[in-house]
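Colleague: Spelled out, the chains give:
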Amino acid sequence: MAEKKLSKKALNSGFHRWYYGNLTCFSQEHMQTFGYLCSMLPLCKELYADDPDRMAESMDTYRTFFNTEPQLGAIIVGVTAGLEEARANGAEDVDSETINGLRAGLMGPIAGIGDSLVVGTVIPILLGIAMGMSGGGSPMGAIFYIIVWNLFAYFGMRFLYFKGYDMGTKAVEFLVGDIGNAIREAVTTLGGIVIGAVSASWISVKTSFALYNEAGEAYMVLQEKFDSVFPGMLTAIFVIFCWWLMAKKQLSPLKVMGLLVVIAFVGVLIGFFNPGLAY
Amino acid sequence: MSINIVQAIILGLFASLSSMPGLGGTSIGNYTLGRPLVGGLICGIVLGDIPTGILVGCAMQVVYIALVTPGGTVSADVRAVSYIGIPLAMIALKSYGLDPASAEGTALATSFGTMVGTIGTVLFYGTATMNLVWQHMGWAWVDKREYDKLPLVDYVFPWISHICFSLIPTVAMCMAGEPVVNLIKEKLPMDGIPMKTLFTVGALLPCVGIAILLKQIVRNVLDFIPYLFGFTLAASMGINLVASTVVAGLFAILIFKLKMLELRKPAAASSSAAADNGWDDDEEDI
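In order, the protein sequence lines correspond to chains A and B.
Heads up: the first sequence begins at 74 in the numbering used here, then just goes up one per residue.
Heads up: the second sequence begins at 314 in the numbering used here, then just goes up one per residue.
Bound conformation, chain A alone (with noise of 0.2 Å):
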């Protein structure tokens, strides 16, 4: 029997699958399993074209929940391509405990760098960016966004698909690996400094509490006072202590803010908070 090979057209099939319809039927119980099934599809069908039982075989392989972060997940989709043409060609170690076994092994952890890394560093990143280019409401800002976040978003996934296909479970590795460990330090040193230009630039918590002499004028203002120390001090202070009530004392966001409604609605009575607006 001559060994199969993957076509290009298929294996470029299933990437396309993947990196559309990831989350299209997403629901909360079975998530990302669907995406997953679709882009397996084009893969199983050549692969099996004359074999409905061992095609059967396969795609209940991929029935089993999965979920990660989809953008990096591409790489897992990668590699199970490689295994199912080597399950094809008769490789005795590869059956559907193994396949699964893999992708429940590695969604968990690339979920985890993804979140952080694409979600919680480059995306924020490249709209720190382009909050600074939308300056006066230009729209520069968000075009450069478009351009620039789908052709990472593309290029990468494409790139992490097939390096998982090529090089199988070697090629997350890198991911996990030292190298990437590095990489991902100085990408979050990166993300850290340009997170906080974006807060001093567009986050102004200000006080309007001030002391007043008997003739009326100002003597203690309190948001100089504050400035004078270090310069948007109230705003990293409001930051710091949501990150603490988030981080140390496990609230919800959503806690939070109801938490700042009732900050601002008392700082507003006892006159620590007034925008000073009226009609």
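Treat the hints with care, since some could be wrong.
[Unchecked claim] Residues from chain A that keep clear of chain B, each with C-beta distances beyond 12 Å, as calculated:
| # | residue |
| --- | --- |
| 1 | LYS77 |
| 2 | LYS81 |
| 3 | ALA83 |
| 4 | ALA159 |
| 5 | ALA164 |
| 6 | ASP168 |
| 7 | MET206 |
| 8 | PHE235 |
| 9 | LYS243 |
| 10 | GLU258 |
| 11 | TYR285 |
| 12 | ALA288 |
| 13 | GLY289 |
| 14 | MET306 |
| 15 | THR308 |
[Unchecked claim] So, partial list: chain B residues that the calculated Cβ filter (under 10 Å) puts toward chain A:
| # | residue |
| --- | --- |
| 16 | SER315 |
| 17 | ASN317 |
| 18 | VAL375 |
| 19 | THR427 |
| 20 | VAL435 |
| 21 | LEU463 |
| 22 | ILE476 |
| 23 | CYS477 |
| 24 | VAL521 |
| 25 | LEU526 |
| 26 | LEU546 |
| 27 | ALA556 |
| 28 | SER557 |
| 29 | GLY562 |
| 30 | PHE564 |
Don't read these hints as lab results, they were simulated from the structure.
All residues carry an ideal CB built from backbone N, CA and C; glycine is no exception.
Since the structure of chain A is provided, determine the placement of chain B on it from the hints.
Modeller: What follows is chain B alone, placed relative to chain A:
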């Protein structure tokens, strides 16, 4: 400013494409069209005021800069933020006559958008629940080995979920928005406690967005230093965001090189031990 039915339907279609799960896919739908900055551009084009759209989008983007939805638990829905919240905030700004670039304009937009976004989580759960129906049909087809029908489940039927939970709610809320905004304006004076609170909340809310992001990157207190460094660049030194990124990039390169050096050190040490006085020889060469 008002929204007519055609504009509302266009916004509704974009709402269906964006968000998680959206029909534009994750990269194009959720992470491009769903971002408030991009939503601001699209709302600006549809409603005929790009600068206001962009500025409202930017204001809202700070709140949702780190919208990660681990395991599908959401605290806000981007389709609601971007295609219901932004248009309504634009209407409110026009109605109140506020400059969208001012701190007050930003605060009002943020308050409106976040309120809508929080309510919008209903849309997320609605879509995800309705998708269960299509998936149920899909499993039946897998059992019957009718695999060619599977793409229907992933690419076609979810449109029905989105017409029910993205398109129709967006059209309804955008159309109803203007009278509601006007009612609020009539009933609540701007120097009263409720509106003052609303504006103050609007200024405070972005702190939550940034804090969600910091939760991802801050492991110990020292990790706050890069953040505060960036803050200082912009607040004290007045460096803009693009320039700050360049400075940040330099630090990223330094850290990467240091880390790589750390990795090579054990290897270098063992090779120099093997070669007789390897380090000294190297120095003489220089």
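Colleague: Could you run down the list of hints and mark each one as holding or not?
Modeller: Hints versus structure:
1. With a cut of 12 Å on Cβ distances, A/LYS77 stays outside the contact zone with chain B, its closest approach being about 18 Å.
2. Interface exclusion of A/LYS81 from chain B stands, the closest Cβ pair being 20 Å apart, more than 12 Å.
3. No Cβ of chain B comes within 12 Å of the Cβ of A/ALA83; the nearest lies about 14 Å off, and the non-interface call holds.
4. With a minimum CB-CB distance of about 21 Å to chain B, A/ALA159 clears the 12 Å threshold, and the non-interface call stands.
5. Distance check on A/ALA164: its Cβ is at least 23 Å (rounded) from any Cβ of chain B, clearing the 12 Å threshold; non-interface status holds.
6. Every CB of chain B is more than 12 Å from the CB of A/ASP168 (nearest about 19 Å), matching its label as outside the interface.
7. Interface exclusion of A/MET206 from chain B breaks down, the closest Cβ pair being 7 Å apart, not more than 12 Å.
8. Interface exclusion of A/PHE235 from chain B stands, the closest Cβ pair being 17 Å apart, more than 12 Å.
9. Every C-beta of chain B lies more than 12 Å from that of A/LYS243, the closest at about 18 Å, which supports listing it as non-interface.
10. The Cβ of A/GLU258 sits about 6 Å from the closest Cβ of chain B, inside the 12 Å cut-off, so the non-interface label is violated.
11. Taking the minimum C-beta to C-beta distance to chain B, about 19 Å, the non-interface status of A/TYR285 holds against the 12 Å cut.
12. Every Cβ of chain B is farther than 12 Å from the Cβ of A/ALA288; the closest lies at roughly 25 Å, confirming the non-interface assignment.
13. Even its closest Cβ contact with chain B, about 20 Å, leaves A/GLY289 beyond 12 Å, as expected for a residue assigned away from the interface.
14. At roughly 9 Å from the closest C-beta of chain B, the C-beta of A/MET306 falls inside 12 Å, breaking its exclusion from the interface.
15. At roughly 7 Å, the least C-beta separation between A/THR308 and chain B is not larger than 12 Å, which violates its mark as non-interface.
16. Against a cut-off of 10 Å between C-beta atoms, the interface hint on B/SER315 is violated, since the closest Cβ of chain A lies about 20 Å away.
17. Interface hint at B/ASN317: violated, since its Cβ lies 23 Å from the closest Cβ of chain A, which is beyond the 10 Å cut-off.
18. Of the supplied interface hints, the one on B/VAL375 holds, with its beta-carbon coming within about 5 Å of a beta-carbon of chain A, less than 10 Å.
19. At about 7 Å, the closest approach between the beta carbon of B/THR427 and any beta carbon in chain A falls short of 10 Å, and the interface hint on this residue holds.
20. Contact between B/VAL435 and chain A, as hinted, is not supported at the beta carbon level, the nearest pair being about 13 Å apart and thus beyond 10 Å.
21. A cut of 10 Å between beta carbons decides the hint on B/LEU463: the least distance to chain A is about 6 Å, and the hint holds.
22. Checking B/ILE476 against chain A by beta carbon gives a least distance of about 14 Å; that is not within 10 Å, so the hint is violated.
23. Hint on B/CYS477 is violated. Least Cβ distance to chain A is approximately 14 Å, over the 10 Å limit.
24. Interface hint at B/VAL521: satisfied, since its Cβ lies 5 Å from the closest Cβ of chain A, which is below the 10 Å cut-off.
25. Proximity of B/LEU526 to chain A holds as hinted, the smallest CB-CB distance being about 6 Å (cut-off 10 Å).
26. A hinted interface residue such as B/LEU546 counts as satisfied when its beta carbon comes closer than 10 Å to some beta carbon of chain A; here the least separation is about 5 Å, so the hint holds.
27. A distance limit of 10 Å between C-beta atoms decides the matter here; for B/ALA556 the minimum to chain A is near 8 Å, and the interface restraint holds.
28. Against a cut-off of 10 Å between C-beta atoms, the interface hint on B/SER557 holds, since the closest Cβ of chain A lies about 4 Å away.
29. Taking 10 Å as the C-beta contact cut-off toward chain A, the hint placing B/GLY562 at the interface holds, the least distance being around 6 Å.
30. Against a cut-off of 10 Å between C-beta atoms, the interface hint on B/PHE564 holds, since the closest Cβ of chain A lies about 6 Å away.
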